[in-house]
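These protein sequence lines are chains A and B, in that order.
My numbering puts the first sequence at residues 11 to 139.
My numbering puts the second sequence at residues 4 to 418.
If you're looking for bench data, these hints aren't it; they were derived computationally from the structure.
Positions of the beta carbon are idealized from the N, C-alpha and C atoms, including for glycine.
Keep in mind that a hint or two might mislead.
Stated by the list, open to error - Derived pair list, reagent style DSSO-like, types lysine-lysine, alpha-carbon separation capped at 30 angstroms:
| # | chain 1 | residue 1 | chain 2 | residue 2 |
| --- | --- | --- | --- | --- |
| 1 | A | K45 | B | K50 |
| 2 | B | K410 | A | K97 |
| 3 | A | K45 | A | K97 |
Unchecked claim - From chain A, some residues computed to sit far from chain B (all C-beta separations above 10 angstroms):
| # | residue |
| --- | --- |
| 4 | E22 |
| 5 | E31 |
| 6 | D67 |
| 7 | A72 |
| 8 | D76 |
| 9 | E123 |
Said to hold, decoys possible - Derived, one-sided and incomplete: chain B residues facing chain A with beta-carbon distance under 8 angstroms:
| # | residue |
| --- | --- |
| 10 | R215 |
| 11 | D217 |
| 12 | L225 |
| 13 | G254 |
| 14 | R257 |
Listed here are the chains, written in short residue letters.
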Amino acid sequence: MRFMMFMYPQIEEQDWNPTAEAVEAMSRYNEELRKAGLLLSLDGLHPPSEGGVVSFDSEGKATVTDGPFAEAKEVVGGYWLIQARSKEEALEWASRVPGENCRVEVRRVFEMEDFPQDVQDAVSENFGG
Amino acid sequence: MSDATGAIEAVWRIESARLVAGLARTVGDVGLAEDLAQDALVAALEKWPQAGVPDNPGGWLMATAKNRAIDRFRREATYERKREEVARDAGALFAMERSDFEAAADDEIGDDLLALIFTCCHPLLSREARVALTLRLLGGLTTPEIARAFLAPEPTVAQRLVRAKRTLREARVPLEVPRDAELDERLPSVLEVIYLVFNEGYAASAGEDWVRTDLCEEALRLGRILAELAPAGPEAHGLVALMEIQASRSGARRGPDGEPVLLLEQDRGRWDPLLIVRGRRALERAEALPGPLGPYGLQAAIAACHARAIRAEETDWVRIAALYEALAQIAPSPVVELNRTVALGMAFGPEAGLELLERIEDDPALAQYHLLPSVRGDLLEKAGRREEAASEFRKAATLATNARERKFLLRRAGG
Chain A
11 MRFMMFMYPQ IEEQDWNPTA EAVEAMSRYN EELRKAGLLL SLDGLHPPSE GGVVSFDSEG
71 KATVTDGPFA EAKEVVGGYW LIQARSKEEA LEWASRVPGE NCRVEVRRVF EMEDFPQDVQ
131 DAVSENFGG
Chain B
4 MSDATGAIEA VWRIESARLV AGLARTVGDV GLAEDLAQDA LVAALEKWPQ AGVPDNPGGW
64 LMATAKNRAI DRFRREATYE RKREEVARDA GALFAMERSD FEAAADDEIG DDLLALIFTC
124 CHPLLSREAR VALTLRLLGG LTTPEIARAF LAPEPTVAQR LVRAKRTLRE ARVPLEVPRD
184 AELDERLPSV LEVIYLVFNE GYAASAGEDW VRTDLCEEAL RLGRILAELA PAGPEAHGLV
244 ALMEIQASRS GARRGPDGEP VLLLEQDRGR WDPLLIVRGR RALERAEALP GPLGPYGLQA
304 AIAACHARAI RAEETDWVRI AALYEALAQI APSPVVELNR TVALGMAFGP EAGLELLERI
364 EDDPALAQYH LLPSVRGDLL EKAGRREEAA SEFRKAATLA TNARERKFLL RRAGG
């Protein structure tokens, strides 16, 4: 099974760019995941001010809000996608993240078999026109 | 399972292979190394639920295992073992204590792991024993899990493991990574074991015991570790590429009732794009290394051709036919030739396929193989020779062992 580990750094946006030491520690960790044969993909994200948000109302109408944003909410700073045998194993890997003032959330990824048949069929129907 | 037990099991999954590998190098015996690691696990199960998981669980397990080892050597010294032997082993352990396990260079841990992989897949052992020992020592699977994974009785697997460890001990197989020519000679056995594990998982159907379906992921994990550690050579990357791309199709290869769906009829929207990208990247790494692609690399290249085609009609059959020809040269087999026939037929028309088929149809290995007349029937049908095609499909139906397949072939014969 697959798990997504989301990193929520508890920092102000102006401190978004990590130091060389922090990057080095994180690279070592990433390397350890890779050497364990479990790392499927990972990315670090630019701060939210450089992105934007599209919100949908109850009628499904979209509204685009461009950054920067006034309110500072908890935001994702990056993620890892890993393969693990159990939630406990994913949590153990998450607890080895060389983090400071941050939160790492572990979520299991939906797989095709987790969906009922009608949902699976909807995926097929919409592929290839 | 309590939370603490779950957490300990998770640590065990992560640490056990490195633990056994490090201990095996020191004590020179995988069986003893495994016993010591198990002792450390038992100690963790006793201590951690109250004390909590230590900050450095790998280091804790290693320190505990070493202490158990020293206790054992001392105890045995009073019985049968020669004093100097004990002194030597204990000396090695104390020396090891000085070099902090966690501080050990990455290469060193990597070398230990690699040595353990090669030892588990040693040519002295039967293929079944290699698979069982690899899953046990590198995958951290229990004996009952291995038995369930391979649909084998538990006592059989247990006995296989005991014998394998005894064989390695009696032959005094050194815990080391083979070098140069010996490495080239022994790598295929390691790759074979990993691919066997993968195929066993691939053969399992959805809804079967999770231990079985998890085998694919376990094989991928082992393959990636090997590709990361193994000295230059394209085949480890080739195997990883092949497994990643094959695994990308696992959501598409069975219909709603569990029946197999042929590659060209699969719903490509269900192929996993992440695994395809990973597979292609692994294949690029294999291609970038010196030396031609081996059998795994070539099969991966064929799989990548299929993965690249967004629709089945866009498949580059000319390239696939060329890759099968290369595969037939380095790993000739009737099944490879038969696949080549199919590719040739798709690439250059049915006559090209039939021509090759004439050259291989007398191979005794294919005499009872229903796919031979089935492929011939398909080519004849495409060539407009309906009656001959129908007779081939009927012949194929009598050879097919699977009822579903037989029905399918008879339908083609009648149509």
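Each hint, compared with the structure:
{"no.": "1", "hint": "K45/A with K50/B", "result": "holds (29 angstroms)"}
{"no.": "2", "hint": "K410/B with K97/A", "result": "violated (43 angstroms)"}
{"no.": "3", "hint": "K45/A with K97/A", "result": "holds (20 angstroms)"}
{"no.": "4", "hint": "E22", "result": "holds (29 angstroms)"}
{"no.": "5", "hint": "E31", "result": "holds (19 angstroms)"}
{"no.": "6", "hint": "D67", "result": "holds (30 angstroms)"}
{"no.": "7", "hint": "A72", "result": "holds (25 angstroms)"}
{"no.": "8", "hint": "D76", "result": "holds (29 angstroms)"}
{"no.": "9", "hint": "E123", "result": "violated (6 angstroms)"}
{"no.": "10", "hint": "R215", "result": "violated (13 angstroms)"}
{"no.": "11", "hint": "D217", "result": "holds (7 angstroms)"}
{"no.": "12", "hint": "L225", "result": "holds (7 angstroms)"}
{"no.": "13", "hint": "G254", "result": "holds (4 angstroms)"}
{"no.": "14", "hint": "R257", "result": "violated (10 angstroms)"}
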